[in-house]
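In order, the protein sequence lines correspond to chains G, F and U. Residue numbering for the first sequence follows this note's numbering, starting at 378 and increasing by one per position. Residue numbering for the second sequence follows this note's numbering, starting at 579 and increasing by one per position. Residue numbering for the third sequence follows this note's numbering, starting at 12 and increasing by one per position.
None of these hints come from the bench; they were simulated from the model. You may find that some hints are simply not true.
[Claimed, not checked] Chain G is faced by these chain U residues, among others (derived, beta-carbon under 7 Å):
| id | residue |
| --- | --- |
| 1 | Y17 |
| 2 | I100 |
| 3 | G102 |
| 4 | D105 |
| 5 | L109 |
| 6 | T111 |
| 7 | V225 |
| 8 | A283 |
| 9 | L293 |
| 10 | I295 |
Glycine residues also receive a C-beta, built at the ideal position from the N, C-alpha and C atoms.
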Amino acid sequence: MDDSLSRSASITQPAPWQRYAGVATPLLLLLLVTFYLQWAGSAYIQRVWIILGLDIILVTSLNLFNGFTGVFSLGHVGFMAIGAYVSAILTLPLEKKATNLPDLPAWLAHTQLGFLPAILIGGLAATLVALVIGRPVLRLSGHYVAVATLAFLVIVRVILINATPYTRGSRTFSGTPAYTTVWWVYAWAVVTVYVAWRVLRSPYGRAMLAQREDRAAARSIGVRVLRSRMWAFGISAFLTGVAGALWGHYILSFSPNAFYFAETFSIITMLVVGGMGSISGSVIGTILVVLLSEVLRNLEGGFSLGVVQIPSLYGMSQILMAILFIIILIFRREGLMGGHEIDLTRLYVPDFWQSLFRRKEV
Amino acid sequence: MLRLENVEVFYGNIRALKGVSFSVSEGELVTLIGSNGAGKSTTLNTIVGLLHPRQGTILYQDEPIHHLSPFQMLQRGISLCPEGRRIFGNLTVDENLRMGAIQRRDPEGVRQDREWVYAFFPVLAERLHQLGGTLSGGEQQMLAIGRSLMSRPRLLLMDEPSLGLAPVLVQTIFQALQQLKDRGTTILLVEQNAHQALEIADRGYILETGRIILGDAAAALRANELVVQSYLGG
Amino acid sequence: MSFFEYGTQQLINALSIGSLYALMAIGLAMVFSILRLINFAHGDLMMVASYTALFLLIGGSPFLGAAIAAVVIAAIAGLAMERVAYRPIRGAPDVAMLLTSFAVTIILENAAVLTVGARSRAFPAPPFLSTVFTLGNLTVSSVNVVAIITTAILLVLLTLFVRRTDTGISMRAAAEDLVAAQLMGININRVIAYAFAIGSGLAGVAGLLCAAKVGKVDPFMGFSPVLKAFIAAVIGGFGTIPGAVVGGYVLGFLEIFLQATLPGQSSAYRDAFVFGILILVLLIRPNGILGVQEREEI
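Please put together the full structure from these sequences, using the hints given.
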């Protein structure tokens, strides 16, 4: 008996230093790549890197909610819109407010906030809305809740289009100060991944993940299901709102149409490619999809394939991504990572390398 | 006519049928008896193609059928009258019967079969244009049987036809089964009501937690001590 | 204008819009009832039909011919959709199917932009669809009248089909209990094909009427109608054809009512109201007005 105990003790929990190393590795990599790109990369590459970071925040925060509750929120981009508009209204310089938003109520017309407060308020605004609509909507099940969140998305857009004094309606909202830098984006990306990790990998999180597919089991937990869904919804909405705020201060001009179906589908594609419930999945899925769509978009202007000249086909990248999406749903619905995580601590555990070589011998 | 050989059926990772083997000859009425959860419904569902065995074969007239769909089974004359009746509540009695005959191309034969069904279950003829959902439990069961018969099956699989029915109705149903047998229909009957089942059956098998533990002539089973105690309330 | 005349005018408007919603909602309901699939790409079938008709009309074809061709092409497009995108994922969780329908929408809409351009084009409606006549103080557009009459005829035909023919009855059977339908030997693939073909054809008709009403077509014209049709179907009782019809007309009346009664500023929020009502219905009575209890499979 002692024998088996000591044997199982050697296939053990990684030592603390190994754990820290496992976490530090991707962070270090991130830092290195970002520095390098800022120093040596073209403006285009830097742009792609920032958009990648923003998408990572969006997809990870959606995954936080979806992975935790099993509920598919089709309206999350609505939170992005709230975050973007609220923060942008707050940071807009007073002169611009006078010209672009002449009908703002006085207390807003004379307010101008710094970036961080505006981001936080934007995120909190999104959370507030989430808590309000979450109570009724999260009680529903299956595709009913997906549809209800879709309705939310439409409602947000209609409100944005019609709240002209605040949002300029369907016209472009411009003049936002260019506060977003790659450092802001990736700082928040790290925060998001960390929060998602804590939520999804906590014992409670894992329990939710395990039984989210099992309606009978979930029902026996009863009221607590709604409460935990609300938590996840609120947190996820906050992070999505923050992403919206960052995005608004990067892209500098936007309209309600930027926060509608195209964006929703784009994020969902990244989520599905990576696999729901897996955080490394959302990161990897996002990277793949962003890179692939950039490549495709560049090819849209037409290119030559040896002797054949492919003409310009704008919109083709969208079609191809949608086809990819369908293919994944048909052939590998659980996504690339299948709900599992990449565990980098293993890189630092000697056993891992040994087992690699051992397998080759056999 | 029908032969199962070492059939293994899984629900996910749960092994529901473990090496089930038995056979049914043409014109026989064979009954599968067992307690709840023994795997009786699973067996019928597998035969008719709703489930597929992970291992083992099912032969019908020496043709392997274990990969076919229920649609193809019906083409070969195998029909399942499912557990819990599952009649179409939103359709009328008439429409239910019509659906039973949907694969048939002989209107005259269909008309004859209908007459037979009405003769044996006159209440169906009375309620012809009523919605299936408005019938009583017993009437629904009669409709379910009638509906299965409309395809003029050569092998009829019946899943617990007497479940939840008053004794008088149970009698009617077993009489109908007897008449069907006399007409030449091969029947595989799954029943919890072992007593009645063994009365009209030629042979029987006892199924226990996914395994066949006993198979014999019905008379022998009725006399068997163990069977009497466990299943006949002896 | 007297109240009676005003009321009649609005009644006609409501019936007309309701008819379009009903036609669209039926297609959604038919497919959902059998497959549990919410086909958001249904709206693009309107677009396919409208563009087909547009090109045929520009090419000099008589309207009737163009209309028939358009509806047939829409039906074929629906069948293709089913075969290529939805059959491979049959049995998948509901949300996966919903997402796939989004992907199909994106493919269709972008393909349309690629082939016919994103700008809207004028739709050359024939005279009988573009006349406006006055009866006393009433102004009635012929397209509204045609919409109401056409829908009524189609509804009668559909009811006959669903009640009298074997295929129609099989569809109702499959919608209620797919497994039992299989056990009866109903050819599920065939039933699903019919559901898509008929539903898509109806969407095609709705597309033509919409194009005539609005006067133009563009690749995204089906987007908003399908959302509204979905709301209609849910309100009336999702998954049943009578429910879709009832829901369509209820939504039509609701929209006209909101348009007429909401004070000027907030009538723009009419759409938000309608979607809010969707959420309300989902909460209070998810089975809609003619609610059908969904068989709860645990």
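A quick look at each hint next to the structure:
Interface restraint check: U:Y17 against chain G, minimum CB-CB distance 26 Å, threshold 7 Å, status violated. Taking 7 Å as the C-beta contact cut-off toward chain G, the hint placing U:I100 at the interface holds, the least distance being around 6 Å. Checking U:G102 against chain G: minimum C-beta separation of about 11 Å lies over 7 Å; hint violated. Of the supplied interface hints, the one on U:D105 holds, with its beta-carbon coming within about 4 Å of a beta-carbon of chain G, less than 7 Å.
For U:L109, the interface hint holds, since its Cβ comes within 7 Å of a Cβ in chain G; the closest pair sits about 6 Å apart. With 7 Å as the threshold, the beta carbon of U:T111 comes within range of chain G, its nearest partner Cβ sitting at about 6 Å, so the hint holds. A least Cβ separation of about 19 Å between U:V225 and chain G goes past the 7 Å threshold, and the interface hint is therefore violated. Because the smallest distance between the Cβ of U:A283 and any Cβ of chain G comes to about 4 Å, under 7 Å, the interface hint for this residue holds.
Interface restraint check: U:L293 against chain G, minimum CB-CB distance 5 Å, threshold 7 Å, status holds. Evaluation of the U:I295 hint against chain G yields a violated restraint, the C-beta minimum of about 10 Å exceeding 7 Å.
In the structure shown, a violation is registered for the earlier hints numbered 1, 3, 7 and 10, in ascending order.
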